[in-house]
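J.: Chains as they are written, first to last, in this note's numbering: chain A, 1 to 239; chain B, 1 to 334.
Treat the hints with caution; some may be incorrect.
To be clear about the criterion: a stretch of chain A counts as covered by chain B if any three or more of its residues have a C-beta under 8 Å from a C-beta of chain B, and this derived list gives those stretches [to be verified]:
| id | stretch |
| --- | --- |
| 1 | 66-72 |
| 2 | 80-87 |
| 3 | 98-110 |
Everything labelled a hint here was simulated from the structure, so no lab data went into it.
Note that beta-carbon positions come from the ideal geometry of N, C-alpha and C, so glycine has one too.
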Amino acid sequence: MLEVRAVTVDFVGLRAVDHASFTVEKGQIVGLIGPNGAGKTTLFNVVSGLVRPSSGSVMFEGKDLSHLGPADRNRMGIGRTFQVVKPFGGLTVLDNVMVGALTRGQGPAEARETARVTLKRLGLERFTDTVAHSLPLALRKRLEVARALATGPKLMLLDEIMGGLNPTEVNETLSLVQELNAEGLTFLVIEHNMNAIMRIAEKVLVLNQGAVLIEGPPAVVTRDAQVISVYLGEPIESA
Amino acid sequence: MPIKSASLTSPSGQRIAFAVALVLLLCVPLVIRDIYWLDLGITVLIWASLATAWNISAGFAGGLSLGHAAFFGVGAYTSSLLFLRLGITPWIGVFVGALLAGALGALLGVITFRLKGPFFVLATLAFGIVVHIVNVNWRDLTRGAAGLLLPFRGGPQNMLFPNLWAYWYTGLGLLVLTVGISIAIERSRLGYYLVALREDEDAARSLGVRVVRSKVVAAALSAALAACAGAVYATFIQYIDPDSTTQFELSVQIALVAIVGGMGTTLGPVLGAAIVIPLGEILRARVGGGPALVVYGFLLMVIVLAAPNGAIAGVRLIGRRLRRLMDSGRKADA
Ligand SMILES: Nc1ncnc2c1ncn2[C@@H]1O[C@H](COP(=O)(O)OP(=O)(O)OP(=O)(O)O)[C@@H](O)[C@H]1O
Ligand SMILES: [Mg+2]
Numbered sequence: 001m002l003e004v005r006a007v008t009v010d011f012v013g014l015r016a017v018d019h020a021s022f023t024v025e026k027g028q029i030v031g032l033i034g035p036n037g038a039g040k041t042t043l044f045n046v047v048s049g050l051v052r053p054s055s056g057s058v059m060f061e062g063k064d065l066s067h068l069g070p071a072d073r074n075r076m077g078i079g080r081t082f083q084v085v086k087p088f089g090g091l092t093v094l095d096n097v098m099v100g101a102l103t104r105g106q107g108p109a110e111a112r113e114t115a116r117v118t119l120k121r122l123g124l125e126r127f128t129d130t131v132a133h134s135l136p137l138a139l140r141k142r143l144e145v146a147r148a149l150a151t152g153p154k155l156m157l158l159d160e161i162m163g164g165l166n167p168t169e170v171n172e173t174l175s176l177v178q179e180l181n182a183e184g185l186t187f188l189v190i191e192h193n194m195n196a197i198m199r200i201a202e203k204v205l206v207l208n209q210g211a212v213l214i215e216g217p218p219a220v221v222t223r224d225a226q227v228i229s230v231y232l233g234e235p236i237e238s239a
Numbered sequence: 001m002p003i004k005s006a007s008l009t010s011p012s013g014q015r016i017a018f019a020v021a022l023v024l025l026l027c028v029p030l031v032i033r034d035i036y037w038l039d040l041g042i043t044v045l046i047w048a049s050l051a052t053a054w055n056i057s058a059g060f061a062g063g064l065s066l067g068h069a070a071f072f073g074v075g076a077y078t079s080s081l082l083f084l085r086l087g088i089t090p091w092i093g094v095f096v097g098a099l100l101a102g103a104l105g106a107l108l109g110v111i112t113f114r115l116k117g118p119f120f121v122l123a124t125l126a127f128g129i130v131v132h133i134v135n136v137n138w139r140d141l142t143r144g145a146a147g148l149l150l151p152f153r154g155g156p157q158n159m160l161f162p163n164l165w166a167y168w169y170t171g172l173g174l175l176v177l178t179v180g181i182s183i184a185i186e187r188s189r190l191g192y193y194l195v196a197l198r199e200d201e202d203a204a205r206s207l208g209v210r211v212v213r214s215k216v217v218a219a220a221l222s223a224a225l226a227a228c229a230g231a232v233y234a235t236f237i238q239y240i241d242p243d244s245t246t247q248f249e250l251s252v253q254i255a256l257v258a259i260v261g262g263m264g265t266t267l268g269p270v271l272g273a274a275i276v277i278p279l280g281e282i283l284r285a286r287v288g289g290g291p292a293l294v295v296y297g298f299l300l301m302v303i304v305l306a307a308p309n310g311a312i313a314g315v316r317l318i319g320r321r322l323r324r325l326m327d328s329g330r331k332a333d334a
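Next up, chain A with everything else stripped away, as it sits in the complex (with noise of 0.2 Å):
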């Protein structure tokens, strides 16, 4: 479904990304995991479309990517959530899921429904009214959940939604992910909880200075030696 094919970014001075080459298989729950600054996130912006590559590209349903922006990329079935939360911070949560159902042809009434429907399923109904900047951030992280699901996606991107979180929190976000999944959602998680990413997920990537050092499934990629000393400092229990 998702084939990034040798992608480099460059930014002055430094290689966010280095050659990394990796597919996402329709239905998939792919983890990618790595240290700070391994340019996970910049991966995530050049999937998405905010950010080009110096070189290599990214196709989708078979089509290249290249030449969309962010806006067609979605329309086309990316959905993403930033690390850093951007909530429309003067509109409502409401209005915040509504802009996500608008832009897949929903008329405002029909949008406004898909939008109270996203939050039920999100838990946010409470918060239907409240205007999206006075949210605590687990919630303004759930919103960014919210108003990319509203938009319809077939494959979602989501970038460390569950720091921050109380386990309980977490075990929900987690059924929510696997749901959704059975769904049909396709999904790729960047986490620094380990632990929650080795219980969803099918497969895991390791990105680490910009190259993806390691795939495979979840069990395998803990075992290898080399994450081990990348990432996880020390081995951990099964999860």
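Chain B with the ligands: place on chain A using the hints.
T.: Same frame as chain A, now just chain B with the ligands:
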């Protein structure tokens, strides 16, 4: 049994409030017979429309334009020239002017949509100045500084009326048109897109909002409506020159009216016109000349400091307090 009152902020309450306001405005010429006040009232209506037009691109989309006098001027000159040179009635000329200004607005939008903050402001400012310079120097077309005089001939079929009340109703029609379109935009897909882009462009794009299309459409609509105001202004004053239509000061005044009233809201610019225009006029008449400008500037500063989100925010706050007071009164009765 408590009577359920329609809140002013509910859709039905809003509709009632608009209907009441419209009826009151329709009655104005019946009540106000004094030419001076009616004249001032018409000026307020035109300014309210102009500021509302400005607000569509600046308030909703977030790009503060300091070049809107250009569109006002294009509207005023297009309809006046069509009338003077070709005998085409301003009733048609106003739409030709709107189309022309809309195209110009779209062009400016295409050039500037990428620019942020001060760079956008500077680009619109430069655009306004260029249009003004063209206006002053293209004497064959515009007669330059000499201006254009609309001869009184023909009457109503040419939007030229023998009495002020007819201008009042024309101005009111203009205001209903601009506010109506402004409300329609606010509630439409475009309105949501514009506000989303204003709040966070990257987030909006990632949700499928197309930046160029949204901003260019907003810029074109805003310019077209400003041109309508220009055409009505020209038939009302019956004399236009570059100083009264395309000058930089005018662009600043348009922004000022909307900001004082509350940009980004539908009724803010209208309220702003109702405050700023009479204030300036009364000071000019009572105090006169330089001192009037000083007092005017000072009062505007006080208003902006007292209500940084615009007078409309202040009005809403008072409205909420009153409602709470009434609610608690009702509870005490029970
Ligand atoms: N717009 C930019 N301009 C210059 N450098 C950038 C830019 N964006 C990211 N970088 C740099 O690129 C590198 C990769 O950053 P990125 O945010 O992709 O890492 P990450 O893997 O998401 O890290 P984290 O786990 O902390 O979120 C970092 O060194 C970062 O400072
Ligand atoms: Mg990151």
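J.: Are the hints correct? Go through all of them and say.
T.: Here is how each hint holds up against the structure:
Note: the stretch 66-72 of chain A has 4 residues with beta-carbon separation from chain B under 8 Å; the three-residue rule is met and the coverage holds. Remark: the stretch 80-87 of chain A is confirmed as covered by chain B, as 4 of its residues place a Cβ nearer than 8 Å to a Cβ of that chain, reaching the required three. Beta-carbon proximity to chain B at under 8 Å applies to 8 residues in the stretch 98-110 of chain A; the threshold of 3 is reached and the given coverage holds.
Checked against the numbered hints above, the structure breaks none of them.
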